[in-house]
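Colleague: Chains as they are written, first to last, in the UniProt record's numbering: chain A, 39 to 543; chain B, 39 to 543; chain C, 1 to 453; chain D, 1 to 453.
If you're looking for bench data, these hints aren't it; they were derived computationally from the structure.
Built from N, CA and C at the ideal position, the CB exists for glycine as well.
Mixed in with the good hints there might be a few duds.
[Said to hold, decoys possible] Derived lysine-lysine pairs resembling BS3-like cross-links, with alpha carbons at most 30 angstroms apart:
hint	chain 1	residue 1	chain 2	residue 2
1	C	155	C	288
2	C	307	A	476
3	D	373	D	394
4	D	153	A	520
5	A	476	A	391
6	B	391	C	54
7	B	125	B	476
8	C	288	C	172
9	B	125	C	61
10	C	351	A	125
11	A	341	D	54
12	D	54	A	391
13	D	54	B	125
14	C	153	C	176
15	D	351	D	251
16	D	62	C	61
17	B	501	B	520
[Claimed, not checked] Derived contacts from chain A toward chain C, CB cut-off under 8 angstroms, selection only:
hint	residue
18	51
19	53
20	54
21	56
22	57
23	58
24	87
25	121
26	122
27	125
Here are the chains, one letter per residue:
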Amino acid sequence: LEEPLLFEIGHVEQTGVDLPEPPKDSGRGANRLGGFDRAEAIGLPGLSEPETVRHYTRLSRQNYAIDLGLFPLGSCTMKHNPRLNEKVARMPGFADVHPLQPVDTVRGALEVINELAFWLIELTGMYGVAMSPKAGAHGELCGILCIRAALEARGDAREVILVPESAHGTNPATAAFAGYRVEDIPATAEGRVDLEALKARLGPDVAGVMITNPNTCGLFERDMKAISDAVHAAGGFVYCDGANFNAIVGKVRPGDLGVDAMHINLHKTFSTPHGGGGPGSGPVVLSEALAPFGPLPFTARTKDGIVHLVEEENAAEFDHTQAFGRMTAFHGQMGMFTRALTYILSHGADGLKQVAEDAVLNANYILRSLEDVLDAPFGPSGPCMHEALFSDKGFAEGLSTLDLAKGLIDEGYHPMTMYFPLVVHGAMLVEPTETESKAALDQFIGALRSVAERAVNGDETLKTAPHYAPRRRLDETLAARKPVLAWQEPNPPSGSPSLSEQGGR
Amino acid sequence: LEEPLLFEIGHVEQTGVDLPEPPKDSGRGANRLGGFDRAEAIGLPGLSEPETVRHYTRLSRQNYAIDLGLFPLGSCTMKHNPRLNEKVARMPGFADVHPLQPVDTVRGALEVINELAFWLIELTGMYGVAMSPKAGAHGELCGILCIRAALEARGDAREVILVPESAHGTNPATAAFAGYRVEDIPATAEGRVDLEALKARLGPDVAGVMITNPNTCGLFERDMKAISDAVHAAGGFVYCDGANFNAIVGKVRPGDLGVDAMHINLHKTFSTPHGGGGPGSGPVVLSEALAPFGPLPFTARTKDGIVHLVEEENAAEFDHTQAFGRMTAFHGQMGMFTRALTYILSHGADGLKQVAEDAVLNANYILRSLEDVLDAPFGPSGPCMHEALFSDKGFAEGLSTLDLAKGLIDEGYHPMTMYFPLVVHGAMLVEPTETESKAALDQFIGALRSVAERAVNGDETLKTAPHYAPRRRLDETLAARKPVLAWQEPNPPSGSPSLSEQGGR
Amino acid sequence: MRYLPLTQDDRSAMLARIGASNIDDLFVDVPEEARLSGPIAGLPLHASEMAVEKHMRRLSKKNLAAADAAFFLGAGAYKHHVPASVDHIIQRGEFLTAYTPYQPEIAQGTLQMLFEFQSQVARLYGCAVANASMYDGSTACWEAVAMAGRVTKRKRVVLSGALHPHYAEVVKTMAKFTEDEIASASPALQAAPDNAGLIARIDDQTSCVVVQYPDILGRIPDLTEIAEAAHAKGALLIAVNTEPVALGAIKSPGELGADIVVGEGQSIGVGLQFGGPYLGLFAVRDPKHVRQMPGRLCGETVDAEGKRGFVLTLSTREQHIRREKATSNICTNSGLCALAFSVHMTLLGEKGLRALAAENHRLACLAADRLTKIPGVSVLNDAFFNEFTLRLGKDARKVVRTLADRGVLAGVSLGRLFPAHDELADGLLVAVTETTTEEDIETLASALEEVLA
Amino acid sequence: MRYLPLTQDDRSAMLARIGASNIDDLFVDVPEEARLSGPIAGLPLHASEMAVEKHMRRLSKKNLAAADAAFFLGAGAYKHHVPASVDHIIQRGEFLTAYTPYQPEIAQGTLQMLFEFQSQVARLYGCAVANASMYDGSTACWEAVAMAGRVTKRKRVVLSGALHPHYAEVVKTMAKFTEDEIASASPALQAAPDNAGLIARIDDQTSCVVVQYPDILGRIPDLTEIAEAAHAKGALLIAVNTEPVALGAIKSPGELGADIVVGEGQSIGVGLQFGGPYLGLFAVRDPKHVRQMPGRLCGETVDAEGKRGFVLTLSTREQHIRREKATSNICTNSGLCALAFSVHMTLLGEKGLRALAAENHRLACLAADRLTKIPGVSVLNDAFFNEFTLRLGKDARKVVRTLADRGVLAGVSLGRLFPAHDELADGLLVAVTETTTEEDIETLASALEEVLA
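Produce the complete structure using the sequences and hints provided.
Modeller: Right, dumping it as structure tokens:
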């Protein structure tokens, strides 16, 4: 059954809420709006509660989700979202407190932030953490701005950030946004950063490098420490993209490899739900060199064990006067903090290590189970980390990675990450995560093998896949050429009822 | 995607819970089980939490539910279940209290029971209410047992309960269970109880009658008061089946029509969710004549306004010594009480009246919109109440009500109640309820019209419907002839892995 | 009103189609003198969600939640930790708002779940077949008695004195009307259950013997010898279990010879809820008794294309088909509670259930040891699982009330359960689960010490 | 561990297939000296769900929840009643655990919802097009400033002094790095916003003027004259709204001539949550500006069979395609909060939104009247919606803390918001919503009376 648009079934006179009837003679009719009363119709349709629940329940069933099956998206770490985390985030003491309440009335919330900060610092071997960034890309920006603030503080204006070809798209966008010129660093044939090329480029104009480790080819950057040492020697800083932290959490600490700043996607490694696109949270761990520049608000624990919120008004008191500013109102994604802390406490130090091990084990299992039928360009480079990379080499003429991915939909799966990293032709990046069972992996491997064989053998029906999804392939060109971005009452042929008259009431 | 059985994917060594590690030397190894230790394997498979959530989420998607669409089940009142009710039932003061806590620690719970009891009495115009019955059928039994207790208390053993042909199946089952002989009362051509036939049968052996009003033909029993008067005059009692109370709540009070006992399905009229078969709740309102015999526990408010729980130990104190006994452990379906009270307070006296009016309006709208294409045997008897009755008259040879109902599944709907009431050939009883919008009704009417036309025109494909459901028609004969009621490890052909080995780990 | 989608315009248009001039034309068959002209006087009108929530929250806060006290109540309802995912799943609209699965083509979710539930219960109970759930343990117990009457065609029922008094009361109430004869006994404060006395009451008119395992005092009766004695006289043994977690530690009743095993499933997945809704479990050891079972049964079959599927089956036993000849008048069951049980049991698995049972028993042993150190207090039981009876040497009802005033929910006094038996008045039933901390035990012990001093 | 499905047997079998002898063979590329040999020392090990829940509940109880106090805080985050069905829907696994809808064939649920959300926001704001949400109001505000720079190719930004100081701070922070020049002003305690002063700061290098509506002191500025002045100089007007409920009572910024309208959507559907996650709203009045918008956009199209469907579109603006040439570095948005907003807005509908706004305003007027009766207390505002500024004649920060100790959360002191501005220290921002009762108002009034006496 197709679900009509809200605007086709709702009505401006319909509502799914009841408001308390104000007592008579109790301020009814008071108006201090200064003459700005809204006169015109807004055009917001309403539905009764039964209709609302049904509308959204039906819509939801057109989605694929982790609760329905494996989500092999490389670099995106779609894993199980524990329900305890949802329950905890809804406890009144977390869900129903205002960000500007007097500090004494929110001690528990501040402790959550502090406990989480403690864990993040310990797990990464860093010195401090800025909790407020709202997502991974926001965290990246925070890290780069810390670098810029640190350089400016020493009067050393530098212009260039080096970024490997295989970087996440957010990396260059972030560097550019912060006012840096972006230069690429090439990769070796093995799929790693070319250390010699990097060293050759370093100089007094280079503010830093942005490295993803494990990298987007799914490999650990063996030379990470050497890279950091070289960058530091040249007066720059090392930013590490933390999107792939899931592969190494509890196994190795970025701080031990010389990283100066790294964002952590709480909605990836620490399993806050992705929610169809957010909200996420991207705290940034910082080295001792960068920590003084971390943005406000900051949380700090003083020697007496009490947790304090450092804001503009009390930054001096807590010796945090070099903060580069403020990236957001209030204190960051509290709802994600409670979920992430709950997740971390559930796993503990042993469980988080197991997370990385199982994530890597699952990815290698997929890599080795499919490399006979799918080209694995870096298969010979050794074990992969938490994601397995394949290419379209060997596909029949005319069939592409996209076709294979859409074919996978008909097998009941979400496609893997496609055409990324750019260094591999027709790349397919598969990240199973640690929350899949061996049985689930075996079933997925079977499905992917079958689609891959069809791609190799030139099965033309793949070109029109998916065939069994709620929709066939959608015309993205049309959408971009003639954008329809908001609902408009259609112009009905005269005499016929409008859609809303037909569907509404 | 088919979802395998838990027993095919789970494993006795797998678990989705962690238990606290007991501290060393803290009672580990203590054993006071008296030598009854369970040695043998139990055979209970476990799943990790991710697998568990996925297993049940996938299973759920094979269900039809109110949240997905209209549920036209006559006499079952499948209507919207407000989410506020679910939230309230989970408040710790309701969800996390023990039934045997000292009374002073559960005053709020007792107030819920008392407030709900007050509303039920007011809405039905009765004298008292027994809250403990666990479901409609249990409530019926309670009512009949009150009648029997009342008759025995006056030393008047009677043997017969009169039940109309169109009664719910539970009615005769209940009367028989209570030790009564059941005799039918015929219906008039108009679809109502034959008052003269009833009067003729009344006598000193008749303990009472069980009447459904509105009756199962969807009609209000116009002569209800006359029936009650006649039964009372003959020394009997009147039991009213309350399953159809949704049609009249707030419009007419059974007490005003002479009813002595009526159960109320909180999971119908007062919208606690049906949950795939329960739990329900069936409080029984009682007339002054029957109230003293209501079972324990009873709740009573004394003059000082305090709510008391009347149990075996304090029945004398509250002058409730003639109770016929106890029907269940503890105090009944508290979780349903909180939901029902929340529902009732949300609607208020005006809203409940509107419930009945809209329910009846919706049913008549369906009746009059379809009587040109479906035979409505009692259409000429006047307006129906909250359900519209049709028959299979006019269907092409070889096509049945069942075929039409299964065809309706392919249109995206749950079938209506079929072959009930028995007095109509191939009966179809359609109850839309008040929580459907006009747009939803119009869509349903269109779908039913289309299937009805196919039935009239002899469309043979109906005989194999449904075609688009998760399953085709199921072989119920096979299920009953060779019952397989629990999972058994299959006997594998030698050398091949068992299902659990294949699917498990 | 927020739950009612019809607008005034809709209503007018619909009345016009029907041919009625106003809504009361549709209520014309209701005698005019009985018809209510407006909202019932004296009752409040509709209220906002916010106002209703506030009212209900106020009532909720008048109760002392178990989590907010040191908590030791049991006696047929136990406080266990229920994983958050259980509640998530039972709130899925497709489970929560589905109807009884009479239309199997669009109810496979509920049906497969019930099939899995039946299989889990059967294994837990050591039986061949379990049904798809009943109202609660006490009604399941009566249904078992009624079933034994159908199987043996006898009318004499022997109840153990250590059967939960509410369960016994339900059986006695129903038996009054069906004219079964009940041979019951008084409970007695002895270290071991009185099997000999029970066996002595079995004769060749006995349809069944009903024994609780563990019993109401927390003791663990030896079902084997009772089963042998019952079977020797042609009677059935009905075992009643009110704490399913116990069966992760002790032998199943089926294994020990019980013919019908019934019980309360609340401990797994359901929560306390002031006594309901709970979950009646019902199973039979011998598959030949299936057709005499009450309640719904889900069975495996195939669809028209040969695919495996599930249906409600053997429904000829049930009231909507058999009317007055049904095996029971039960219609609604406890489906959503069965789902909660099944999800929780799936999360536990055998490994988790055994660990959970071990942890319950460990803490109960700790508690027993600590509490017997209080002067004048002794533990009655030779054996127990997670619940035992203390003798306080004082009226336990008063002690319980005094402790409640201090925020300690100390257990269930036998005086509350058996008000007619003064000889039990100093007995206090104490239950301990994995949710009990050692601090809770210490809190209870010190409070008790003070009150008894 | 409960979230990890692999068993030891699985792990062994998988290592064998891979050809590794143990797990560390797979971490061979990690330099040995950096590899951790065991769980990080000093950190706790894994814990049961019960233990974690207990710990988190303990922390939760150290906070004073808004519902447990007379509560008057606002300043960009408002306490409104969120219907229970909103939370039910956002907990549907298919919404909660879905990915960003880059694969539209299996993400129509999220996409259609976003299309509806965009349409709702556009209408509420009086704009042509809204995007699919941003992190929060403050970051949306900066994105609007950056967009204005792209559109006008100018670098001078005029900020109203009555813009939320956190928003102003975010803009100033970001501008430092992009080298935009910020012309800001100090806030002043005047009955009406200083439009004249603002307009005087606009010149022909100005890319945009940023005005909050209603502003941080609760006043309602006349956007029309600011729009005219800005447009006359070729600058854009950015209107910032932090209380969407207000737009059910007062004219939309788009209607009044704002070119970009941004704001915080938290009031509708999201809840307080100690400041996040919240919901950035972003809309443009003129469709020609669409290609300069930041963030995701969902658009209508058709599939290969001609059926209507929705896709993320105009993604050439975005970072994953354009890399360093993107309009923003934003990747993750606030999808689930957008869903909550959209569901709540659907439940409200225009009728409900207007009624909600009216009720907020009614209670705010009552509160203003009551509080001005306190000796020495006056209301600053000429006009307001549901929030206004009181002058106490005393340092409001101290008053707020004193009242908090009595369980009254009295509002936000201007000293907390503008610590550098001593001249604002006696200002107290008081917000009133439909959740405020007349008793709450009386509680605040009497407590304030006592403290000020």
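Colleague: Need the list of violated hint numbers for this structure, in ascending order.
Modeller: Violated hints: none; all satisfied.
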